[in-house]
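**Student:** Sequence:
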Amino acid sequence: MIALETGPEGFTVSVDGRTIFSHSHRRPCVELGASRPEERSRRGTPPREGRIPFLPLRRYRIEESGDSCLVIDFEGRLRVSARIAGGALRLAFKRPLDRYDRFRFRLEAVPGESIFGCGERFGALDLKGRDIPLWVEDRGGGRELCPPPLSGNPARISRRNRSTCLPLPCFVSTERYWVFADTSSYARFDFRSSRHTVLEFRRMPKELVVGLGGSAADTVSALTCHAGKPRAIPAWTRKGAVLGVGGGTDEVLRKLDAARGAGAPVAAVWVRDWCGGRYTRQGFQASFGWEADEELYPDLPGFISRLRGEGIRFLGYLTPFLAADGNLYAEARDRGFLVRSPGGGEYRFGTASRPAGMADLTNPRALRWIKDALRVRMIDPGMSGWLADFGECLPDDAVLHSGEKAPDLHNLWPVLWARTNREALEEAGGAEEVAVFFRSGWAGSPALASGFWAGTQSADFSDSDGMSSVVPAGLSAGLSGAGFWHFDAGGCASGAFGSRKPECLMRWFEMAAFSPLFRTQEGNKPLSNTQYWTDPVCLRHFARLAGVFAALEPYHASTAKECSDAGLPPVRHLWLHYEEDPEVRFLDHQYLYGRDLLVSPVFRKGQELKEAWLPPDRWVHFWTSRTFRGGPVSLEAPLGYPLVFYREESRFASLFDSIRRTARRP
Numbered sequence: 116m117i118a119l120e121t122g123p124e125g126f127t128v129s130v131d132g133r134t135i136f137s138h139s140h141r142r143p144c145v146e147l148g149a150s151r152p153e154e155r156s157r158r159g160t161p162p163r164e165g166r167i168p169f170l171p172l173r174r175y176r177i178e179e180s181g182d183s184c185l186v187i188d189f190e191g192r193l194r195v196s197a198r199i200a201g202g203a204l205r206l207a208f209k210r211p212l213d214r215y216d217r218f219r220f221r222l223e224a225v226p227g228e229s230i231f232g233c234g235e236r237f238g239a240l241d242l243k244g245r246d247i248p249l250w251v252e253d254r255g256g257g258r259e260l261c262p263p264p265l266s267g268n269p270a271r272i273s274r275r276n277r278s279t280c281l282p283l284p285c286f287v288s289t290e291r292y293w294v295f296a297d298t299s300s301y302a303r304f305d306f307r308s309s310r311h312t313v314l315e316f317r318r319m320p321k322e323l324v325v326g327l328g329g330s331a332a333d334t335v336s337a338l339t340c341h342a343g344k345p346r347a348i349p350a351w352t353r354k355g356a357v358l359g360v361g362g363g364t365d366e367v368l369r370k371l372d373a374a375r376g377a378g379a380p381v382a383a384v385w386v387r388d389w390c391g392g393r394y395t396r397q398g399f400q401a402s403f404g405w406e407a408d409e410e411l412y413p414d415l416p417g418f419i420s421r422l423r424g425e426g427i428r429f430l431g432y433l434t435p436f437l438a439a440d441g442n443l444y445a446e447a448r449d450r451g452f453l454v455r456s457p458g459g460g461e462y463r464f465g466t467a468s469r470p471a472g473m474a475d476l477t478n479p480r481a482l483r484w485i486k487d488a489l490r491v492r493m494i495d496p497g498m499s500g501w502l503a504d505f506g507e508c509l510p511d512d513a514v515l516h517s518g519e520k521a522p523d524l525h526n527l528w529p530v531l532w533a534r535t536n537r538e539a540l541e542e543a544g545g546a547e548e549v550a551v552f553f554r555s556g557w558a559g560s561p562a563l564a565s566g567f568w569a570g571t572q573s574a575d576f577s578d579s580d581g582m583s584s585v586v587p588a589g590l591s592a593g594l595s596g597a598g599f600w601h602f603d604a605g606g607c608a609s610g611a612f613g614s615r616k617p618e619c620l621m622r623w624f625e626m627a628a629f630s631p632l633f634r635t636q637e638g639n640k641p642l643s644n645t646q647y648w649t650d651p652v653c654l655r656h657f658a659r660l661a662g663v664f665a666a667l668e669p670y671h672a673s674t675a676k677e678c679s680d681a682g683l684p685p686v687r688h689l690w691l692h693y694e695e696d697p698e699v700r701f702l703d704h705q706y707l708y709g710r711d712l713l714v715s716p717v718f719r720k721g722q723e724l725k726e727a728w729l730p731p732d733r734w735v736h737f738w739t740s741r742t743f744r745g746g747p748v749s750l751e752a753p754l755g756y757p758l759v760f761y762r763e764e765s766r767f768a769s770l771f772d773s774i775r776r777t778a779r780r781p
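Offset between the sequence shown (1-based) and my numbering: plus 115.
The hints are simulated quantities; they were obtained by calculation from the structure and are not laboratory data.
None of these values were measured; they are calculated from a predicted model.
Mixed in with the good hints, there may be bad ones.
Claimed, not checked - Simulated pairs of lysine to any residue, SDA-like, Cα-Cα distance not exceeding 20 Å:
| no. | residue 1 | residue 2 |
| --- | --- | --- |
| 1 | LYS321 | LYS520 |
| 2 | LYS321 | PHE208 |
| 3 | LYS209 | ALA347 |
| 4 | LYS243 | PRO669 |
| 5 | LYS725 | GLU694 |
| 6 | LYS676 | LYS321 |
| 7 | LYS486 | LYS520 |
| 8 | LYS640 | LYS676 |
| 9 | LYS344 | ALA332 |
| 10 | LYS321 | VAL652 |
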C-alpha cells in the first residue's frame, strides 16, 4: 500500500512502512539535464562529457493519490506516476518537453546498509560509498601482467578497474529492498551518501521498480524473478569436466584420452579453435570465421558424432564478428548485413593481424542470415553449445540498419546477441539440451542465456585480475539475477612476465569442483602454460577434483533447480541465509555453493593454512568430518583439500560424507 505524507516542506512516499523517496524544496527528488555532444570512442568506452548542469524540479502538484496509485506533476516538466503491481512499487515517468534527456532520481537510503549487485563486479562487493557506472565494456585481460599503454593515467586505471562486461541496472540492500531500472542507456548509481541513493540516466528510464523482501533470500529471489529468471542448465553439464582443448582432431583426442586415462569424468570438450586461429604477440586468438577449419578438423560433423557416441559432448566458440578473410564476411558485406562506419563502408574491428566486421543485429534480414548460419555450421553438425563471446563492442559512431543511434543501443547489443543465439536454437529444436554461455550482458540477458562466465582472467593468484578476483564477481552477479555463472578453471591471460604454474592451476581446479560448471581453459599461451596433460601431478589432481565435481551431481541439480525456479544463485553470498550474522556482509572471498556447502578457496602461492568465517550453524569439515560451530576457523588446506564445509543438517550430508570416503588421494 502506498502512503503519502505531505507537509509544509514537501512530501514522503512510503510502502508498507518503508520510505521509498521524499521531496522538499531544499532536496528535490528529481532533476533534469540536457546532453552535450559526446566524445566518440571506437572501443565503446563510457561517454565522456563535460560537467552537465541539472535543473532541480522543486515545485510539485499532487494530481492523484490513493492506496495503489499516485501521480505527481513537477513544474509541468515531468510527470511521475507510482503504482503497486506485482508486489512492488513501479515508478513511470513522462516528460512533455524534449529539451531535457538526462534524468536523476533520489531514493531514500538507510544508514549502515550495504549495497550489493549492479551486475558482475570484480572489486569490493559492498558498493556503499561508491559511484558505479553502468556501461557494457570489455575489461580486457591480464591487467597486472600486461598493463595498457595508458596505465599511467590514474583516471584510466580507475575506469578500467570499475569496468565490466556484465553490468546490470539493479541492486539489493541489506535492509531487504531491491531496485531495478528498466533502461538501456548509460547510467550511474551513486551510493556515496548515507541518506540517499542517486540514480542518473543518460536517457529517461521506462520504469523504476522498488520491491521489499521479507528476508535476504526473498529479496534476491524477488529481484531475479522480476528481471527474468535464468533458464535451466542442461543436465549433461553436471556429469563431469568440460575440457578446454584444441589443436586439431588428433590433439583433442590425445588430451581427452589423457583425462579419461587418469580416471577423470568428462562431460564435454570445448574446442575454441574449431574454426581455426593464429598466434600473435598476445598469444593464441581464435578465428572469427564461423566455419570449420578443414585442416584442423577435416570432418567436424563426423568427429562430433564420434565423440557423442562415446558420451562426450562438443562445444564451440562464437563471436558476432566475421573475419575479413573469411567467406561469410564477403557474403555479409555484399548483402549489407554488416555494421557500417560513418564514412559509409563496413566498420572494421580488431587489429591489422585480424580485421573483422560485425553483423548488424538491427537488420531483420541479417538476423535471419545469422540464424541460418548458426544452424548450418554449429547446430546441424551436432554441437551441444558454445561460448558466445563479445557483444560489448558497438562503437558510438557506428551506423545501424534500424537508424537508431549506436549509443542508445550499446548496452542492449549483448541482449540482441543473446536473443539471436536463443532464437536460432529454438527454431532448430532441442534448445533445452544446448548450453550457450555469454561473457557480456545487460538487463534481459539472464533469461536468454544458459549462463555467463567471468571472461578473460589472469592465469595467476593476483587479486585484481587472477583467481581471487572471480569470487566477488560471481557473488555480485548472483545478487543481480545472473545466477548460472562460472569461470575458466585455470584462468586465461598470461603476460610477458610469466605463465601458468602447476600450483596455481591445481588451486583453480579445486574451486571449480565446488561450482556450477567445471570448464578448463588452455589459456592464451597454451604451449608455455602448465596443462593438466603436461604434468603428471596436475593430471592426478585434476582427475580427483573432476571426480568430486561429478559425484556432486545430485547437489548440482538441486542448486540449479533453485536457481531456475526461485531465482537463488548457485554461487551465493553468505548474507542470503545468515543475514543475522553482522560479519557475513563483509565476506567477499568465500561463498556458499547452494544452501549447504561453504567454500573458502586458497588464493595464495604456497599457502596451506587457510582461514574462514563460519556463520551460526553446525558445520562439518568436508575432508575430515570434524564439526564446528559458527565463528572464525583456521585449518590446513594442502593441495587437493580446499577448505570446504557442509551443514550438518543438510539433506545431502550422506552424499558429502560418501564423497569424502571415496575420493581418491591425489
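**Student:** Determine for every hint whether it applies to the structure shown.
**Tutor:** We went through each hint and held it up to the structure:
| no. | hint | verdict |
| --- | --- | --- |
| 1 | LYS321 <-> LYS520 | holds, 18 Å |
| 2 | LYS321 <-> PHE208 | holds, 7 Å |
| 3 | LYS209 <-> ALA347 | violated, 37 Å |
| 4 | LYS243 <-> PRO669 | violated, 37 Å |
| 5 | LYS725 <-> GLU694 | violated, 24 Å |
| 6 | LYS676 <-> LYS321 | violated, 31 Å |
| 7 | LYS486 <-> LYS520 | violated, 24 Å |
| 8 | LYS640 <-> LYS676 | violated, 37 Å |
| 9 | LYS344 <-> ALA332 | holds, 15 Å |
| 10 | LYS321 <-> VAL652 | violated, 56 Å |
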